[in-house]
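K.L.:
Keeping their order, the protein sequence lines are chains S and V.
Letter by letter, the first sequence follows residues 1 to 366 of the numbering used here.
Letter by letter, the second sequence follows residues 1 to 305 of the numbering used here.
Be aware that one or more of the hints could be misleading.
[As the list claims (entries may be wrong)] Here are the simulated DSS-like cross-link-like pairs (lysine-lysine), alpha carbons at most 27 Å apart as the crow flies:
no., chain 1, residue 1, chain 2, residue 2
1, S, 320, S, 229
2, V, 186, S, 131
3, S, 322, S, 292
4, S, 320, S, 347
5, V, 215, V, 186
6, V, 215, S, 131
Bear in mind the hints are in silico, worked out from the structure with no lab data behind them.
Residues per chain, in single letters:
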Amino acid sequence: MQDFFELKNIVKSFGENRVVKGANFGVRCGEVFSLLGPSGCGKTTILRIAGGFEDPDSGSVHLDGKDITDMPPNKRKINTVFQNYALFPHMTVYDNIAFGPRTAGMEEKKVAEMVDEMLKMIRLEAHAASKPDTISGGQKQRVAIARALINQPKLLLLDEPLAALDLKLRQYMLLELDRIHDEVGTTFIYVTHDQSEAMSLSDRIAVMNNGVIEQIGTPAEIYENPRTKFVASFIGDTNFFNAKVGELLDGEYCKVDMFGLGEFPSYNEHKLNAGAKVTVSIRPEKFRIFDKKPETDLNSFEAEVIDIVYQGAQTRYWVKAKDHRINIVTQHNRCYLDYKQPTWGDKVWVAWHRDDVTTLPEESPH
Amino acid sequence: MNSQQKSEKHIRGGSTVAEYLLTIPSFVWLCIFFLVPTILVFAIAFRTADPFGGIDSGWTLETIANVLRADYVSVFWRTIWVSCVVTAICLLLGIPVGYWIAQQNPKYRYWYLLAVIIPLWTNFLIRIFAWRVLLHPEGFLRRTLLWLGLIPEDLFLLNNMGAVIIVTVYTCLPFAILPIYAAAEKFNFSLIEAARDLGASRFYAFRSIFLPGIKRGIITAILVVFIPAMGSYAIPDLVGGADGELLGNKIAIRASANRNLPEAAALAALLSLIITVPVLVAFLKQKRVFRIITNLRRSAGDSTK
Chain S
1 MQDFFELKNI VKSFGENRVV KGANFGVRCG EVFSLLGPSG CGKTTILRIA GGFEDPDSGS
61 VHLDGKDITD MPPNKRKINT VFQNYALFPH MTVYDNIAFG PRTAGMEEKK VAEMVDEMLK
121 MIRLEAHAAS KPDTISGGQK QRVAIARALI NQPKLLLLDE PLAALDLKLR QYMLLELDRI
181 HDEVGTTFIY VTHDQSEAMS LSDRIAVMNN GVIEQIGTPA EIYENPRTKF VASFIGDTNF
241 FNAKVGELLD GEYCKVDMFG LGEFPSYNEH KLNAGAKVTV SIRPEKFRIF DKKPETDLNS
301 FEAEVIDIVY QGAQTRYWVK AKDHRINIVT QHNRCYLDYK QPTWGDKVWV AWHRDDVTTL
361 PEESPH
Chain V
1 MNSQQKSEKH IRGGSTVAEY LLTIPSFVWL CIFFLVPTIL VFAIAFRTAD PFGGIDSGWT
61 LETIANVLRA DYVSVFWRTI WVSCVVTAIC LLLGIPVGYW IAQQNPKYRY WYLLAVIIPL
121 WTNFLIRIFA WRVLLHPEGF LRRTLLWLGL IPEDLFLLNN MGAVIIVTVY TCLPFAILPI
181 YAAAEKFNFS LIEAARDLGA SRFYAFRSIF LPGIKRGIIT AILVVFIPAM GSYAIPDLVG
241 GADGELLGNK IAIRASANRN LPEAAALAAL LSLIITVPVL VAFLKQKRVF RIITNLRRSA
301 GDSTK
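Model the full structure from these sequences, guided by the hints.
P.N.:
Below is the structure:
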């Protein structure tokens with residue numbers, strides 16, 4: 001697929017502080033593309049560069065085949081949903097949404113038609129005459145989206161749009177955003193520090209850390225196959241083990257020596273050589289707990305249960321083996337009470353499949 | 001809170017009684033030093049003058065009729081006109097300055113504000129005399145402008161209406177900048193970015209988003225510039241010419257040189273009415289006025305930028 005919006009080698013510093021260190025990515029037409037990272041990682045700066053509010057020190061911005069690096073924000077066919085909505089407080093909901101078309105010099109009859117259509121889409125017809133400070137956070141959010149989308153932008157930028165909402169509302173607005181995206185089909189770039197938001201909404205995610213994009217991929221790729229230690233730890237929970245690559249096995253496997261726990265066959269995605277120092281990442285839900293050593297080709301070691309947290313749909317265990325504290329999650333797909341569960345102090349066998357291991361080179365590739 | 005809720009609160013809680021008690025000192029202060037003198041001025045306007053510069057015991061409407069004479073009317077109009085020009089210039093200068101200071105790094109903002117306030121530390125009269133020196137026919141300013149060929153030989157900067165306007169703007173400007181800055185500092189500048197994002201030019205974003213956003217600051221600035229300008233008398237006295245006489249000067253002359261207190265009081269009363277009535281009306285109808293303007297604009301199909 002052709003990249004519709006592209007950032008090439010973007011570098012940006014504020015004073016001494018280099019906040020974006022060479023960002024490259026392309027966004028495809030119609031997709032929801034998330035920039036995900038902790039606060040201060042440079043994701044908002046990239047968004048502001050895309051919107052035209054900051055000039056990059058070097059690099060270029062392309063939209064639909066045109067270089068728009070030097071184009072001021074009011075000339076770009078890009079609209080933004082700002083973090084705190086930035087609704088005009090002296091205007092009604094209606095006038096806020098009508099701002100773009102009116103500024104473009106559209107006649108009032110056509111404006112009214114478009115605004116009514118937008119109000120219908122965000123289901124706020126009843127609040128057209130309200131001032132922004134009299135409506136709720138979720139409603140403001142929807143007005144901000146309508147105010148941006150009415151201009152029929154080629155690209156919609158959303159800067160942490162749900163950060164100011166409470167949990168329930170956030171979940172509802174995620175579905176709303178998804179519905180609106182399906183309805184209008186506009187390309188979205190979505191900035192967030194919340195991995196669950198990014199995972200549930202995005203077609204693809206770019207994970208950022210320290211001004212660098214560490215990995216770009218679909219939510220599943222990023223979760224199941226993180227390329228760096230940062231990505232593995234930022235997206236979901238994981239267990240890290242310092243390890244060393246041992247003997248290379250047939251196919252794409254190798255033996256990995258997880259210090260103290262033993263040597264286990266593991267998937268070797270990065271084609272590491274024998275003797276390389278690696279970090280092994282295994283997600284909590286990839287582990288299974290047995291009361292005796294499983295008689296299969298699963299990898300396993302013996303451990304002691306030290307803590308249990310029952311969470312309804314799942315139970316979280318912490319087990320201890322040698323110097324390691326390992327976090328395990330088991331889903332309760334069958335009735336929890338029908339089964340004998342491990343309890344505090346139990347000796348158990350912790351097992352996992354060789355394909356469920358991510359071996360990450362010690363020096364993360366950038 | 002609507003009036004019903006307010007009265008309920010009044011009935012239920014003793015807190016409002018305490019609130020009223022707390023306002024008593026300032027209320028008394030206002031009565032003694034503001035309300036009573038104003039009533040006295042209005043009253044004296046209806047008394048007759050005695051030959052020694054005092055007030056006689058009689059009552060008359062003649063003084064009032066007298067100050068509505070033609071030559072006073074022209075002074076009234078001139079005073080209003082000059083005050084309007086001064087207010088307009090103060091806004092034209094004060095709004096960009098307030099906007100600019102509010103966008104500076106907070107570390108330096110207070111230095112800029114200090115620079116605005118520092119001239120006020122010098123005595124008012126001394127500053128006006130400084131302007132006399134500056135604007136003097138042989139003074140630095142006129143010499144420089146002549147040398148640069150920017151003004152004709154026969155243009156004088158002192159003792160005319162221009163000098164009055166310049167110096168009044170100079171003295172009033174800090175009072176215009178401060179409320180505008182206070183409003184601009186609270187203004188959410190991401191709104192301007194939002195407007196730019198939605199296609200507005202820099203100027204249109206400034207006009208349609210920033211100016212309404214600091215409306216209160218602008219109204220305060222208008223009040224604190226326009227009202228003192230209407231009553232100013234030292235400035236026209238010191239830098240104005242024969243044609244630069246304002247109402248304040250007339251009042252001063254009637255009160256001191258002519259020793260005609262009733263006429264001075266009548267002029268002063270009229271001046272207060274001219275200022276108070278429109279301000280009161282504006283305050284009471286502010287919301288309605290704005291609604292009317294908005295409705296007018298909408299019905300006129302305001303799709304222009």
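K.L.:
Are the hints correct? Go through all of them and say.
P.N.:
How the hints compare with the structure:
1. For the suggested pair residue 320 of chain S and residue 229 of chain S, the alpha carbons sit about 22 Å apart, so the restraint of at most 27 Å is met.
2. Between residue 186 of chain V and residue 131 of chain S the CA atoms are separated by roughly 19 Å; this keeps the pair inside 27 Å, and the hint holds.
3. Only pairs whose Cα atoms come within 27 Å are accepted, and residue 322 of chain S paired with residue 292 of chain S is accepted, the gap being roughly 18 Å.
4. For the suggested pair residue 320 of chain S and residue 347 of chain S, the alpha carbons sit about 10 Å apart, so the restraint of at most 27 Å is met.
5. Of the supplied pair hints, the one linking residue 215 of chain V and residue 186 of chain V holds, its CA atoms being roughly 12 Å apart against a limit of 27 Å.
6. Note on residue 215 of chain V and residue 131 of chain S: the hinted pairing holds, with a Cα-Cα distance of about 16 Å set against a maximum of 27 Å.
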